[in-house]
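One-letter residues, chain by chain:
Protein chains: 2
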Amino acid sequence: MRILGVDPGTGICGFGVISVPKKGPTILLDSGVIATPPHTPLPERLLDIFNSLNDIIREDKPDCISIEKLFFMQNITTGISVAEARGVVLLVAAKHDLPIFEYSPNEIKKAMTGYGHADKKQMQEMVRLHLKLDDIIKPDDASDAVAAAIVHSMFSRNGDIEHETRY
Amino acid sequence: MRILGVDPGTGICGFGVISVPKKGPTILLDSGVIATPPHTPLPERLLDIFNSLNDIIREDKPDCISIEKLFFMQNITTGISVAEARGVVLLVAAKHDLPIFEYSPNEIKKAMTGYGHADKKQMQEMVRLHLKLDDIIKPDDASDAVAAAIVHSMFSRNGDIEHETRY
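As you go down the protein sequences, you meet chains A and B in turn. Residue numbers for the first sequence follow our numbering, so the first one is 1 and each next one is one higher. Residue numbers for the second sequence follow our numbering, so the first one is 168 and each next one is one higher.
Derived from the structure by calculation, the hints contain no laboratory data. Values in this document were obtained by computation on a predicted structure and should not be read as measured data. Glycine included, C-beta positions come from ideal geometry on N, C-alpha and C. Among the clues, some could well be false.
Said to hold, decoys possible - Restraint-style ranges between C-beta atoms, simulated for each label pair:
1. B:G191 <-> A:T78: 41 to 49 Å
2. A:R157 <-> B:L300: 56 to 64 Å
3. B:R324 <-> A:D135: 53 to 61 Å
4. B:I243 <-> A:P99: 20 to 28 Å
5. A:P139 <-> B:K299: 54 to 62 Å
6. B:D230 <-> A:T40: 20 to 28 Å
7. A:P139 <-> B:R324: 39 to 47 Å
8. B:K299 <-> A:K120: 58 to 66 Å
9. B:K287 <-> A:P99: 35 to 43 Å
10. B:H284 <-> A:P99: 42 to 50 Å
11. A:L133 <-> B:E331: 37 to 45 Å
12. A:P37 <-> B:I243: 24 to 32 Å
13. B:M168 <-> A:R157: 53 to 61 Å
Model the full structure from these sequences, guided by the hints.
Okay, here's the thing in C-alpha cells:
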C-alpha cells in the first residue's frame with residue numbers, strides 16, 4: 001500500500017509518500033514541500049497546491065491520502081487559510097477517487113512517540129527512526145506530512161475506517 | 168462586464184451571473200445552487216462544486232468573481248467547511264485566470280440596502296428591485312450570490328482594486 005501524507009498550508013504545503021509492504025520495512029518514496037514565494041496571491045498558491053498534488057499522485061500512485069485534522073484554530077486568519085488549503089487537498093482526493101483519512105495532531109504525536117505533546121524535534125527523530133533514514137526529513141512540513149502517512153499505516157493495519165473523511 | 172457571484176458553502180453553494188453593460192440596466196444571466204444530498208462525503212461535495220463552477224465559467228464566461236468574505240466564525244465546524252469550499256472557489260478563479268474580489272457581509276448589506284444589518288428578506292427584495300425581476304431569486308443562497316456580484320459591479324465603477332483577494 002502506498003500512502004500520500006499531506007501537511008496542508010497555503011504558504012508551505014508538505015507532502016510525503018511511503019510504501020508499506022505486507023512484510024518488511026516501510027519505504028520513503030518521495031517527500032518535499034509545495035512552496036510559493038511570499039506575497040503570491042492566495043488563489044495562485046491554491047492552484048499551485050492543486051497542480052503539484054495532481055502531479056505527485058500521477059507519479060507516485062498512492063492508494064490513499066492521510067492528512068492532519070484541523071479541529072481548532074489558534075489564529076483565525078491562519079486557520080482560515082489552512083482550511084482553504086485543506087479544501088483543495090480534499091478536492092484532489094475526490095478527483096482521483098482516493099479515500100482520505102484524517103488524524104488529529106494529538107493522535108499523530110501519540111502514535112509516533114507515545115506522547116501526545118511531543119515537540120517538532122522529537123517528531124522528526126521518530127519519523128527518521130521509523131523509516132531507518134540517516135538524517136531527519138527537512139523541512140518540518142515535509143516530515144509532518146510523512147508522519148501523517150506513517151500514522152495511517154499503523155491505524156490501517158487494524159482496518160481503520162473511523163478516520164475516513166466523510167461529512 | 169460579466170460578474171460571477173458565489174456564496175460558498177459545502178452543503179449548498181449559491182451562484183449567480185450578471186451582465187453589467189456600460190449603459191443600461193444590469194441583466195441576470197444565470198443563478199442557482201450547487202447542492203449535494205445530505206451525507207455526501209465532503210471531498211465529493213468539493214469536487215461537485217469544482218466541476219459545477221468550471222462548467223458555469225465555461226458557459227457564462229464571466230470576467231471576474233465576487234465572493235463573500237469570511238472574516239469571523241460563529242460556529243467553528245461550519246466555519247471550517249465554508250473555508251474549505253472557499254478554497255475551491257479561489258482555486259477555480261486562479262485556474263481560469265479570473266480576478267476574485269471579496270466583500271464582507273456588512274459591506275454587501277450596506278451597499279444593497281444602505282443598512283449593514285439588513286435581514287435576508289430585505290436583501291432578497293433589494294436584489295429583485297436592482298435587477299427589475301418579477302419575483303425574488305430563490306433559494307437564499309442563490310440570491311446572496313447574486314448580491315455579491317451586484318455589489319462588485321457597484322464598487323468596480325470606482326475602479327475597485329482594494330477588494331481583490333491577494334494574500
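Here is what the structure says about each hint:
1. B:G191 <-> A:T78: 41 to 49 Å: 45 Å, holds
2. A:R157 <-> B:L300: 56 to 64 Å: 59 Å, holds
3. B:R324 <-> A:D135: 53 to 61 Å: 58 Å, holds
4. B:I243 <-> A:P99: 20 to 28 Å: 25 Å, holds
5. A:P139 <-> B:K299: 54 to 62 Å: 56 Å, holds
6. B:D230 <-> A:T40: 20 to 28 Å: Hint holds: Cβ distance 22 Å, inside 20 to 28 Å.
7. A:P139 <-> B:R324: 39 to 47 Å: 46 Å, holds
8. B:K299 <-> A:K120: 58 to 66 Å: 59 Å, holds
9. B:K287 <-> A:P99: 35 to 43 Å: Given range 35 to 43 Å: holds, Cβ gap about 38 Å.
10. B:H284 <-> A:P99: 42 to 50 Å: Roughly 44 Å apart at Cβ, these two residues keep to the hinted range, so it holds.
11. A:L133 <-> B:E331: 37 to 45 Å: This hint holds: roughly 44 Å between Cβ atoms.
12. A:P37 <-> B:I243: 24 to 32 Å: Roughly 31 Å apart at Cβ, these two residues keep to the hinted range, so it holds.
13. B:M168 <-> A:R157: 53 to 61 Å: Holds, since M168 of chain B and R157 of chain A (Cβ atoms, about 56 Å apart) stay within the stated range.
Checked against the numbered hints given earlier, the structure satisfies every one of them.
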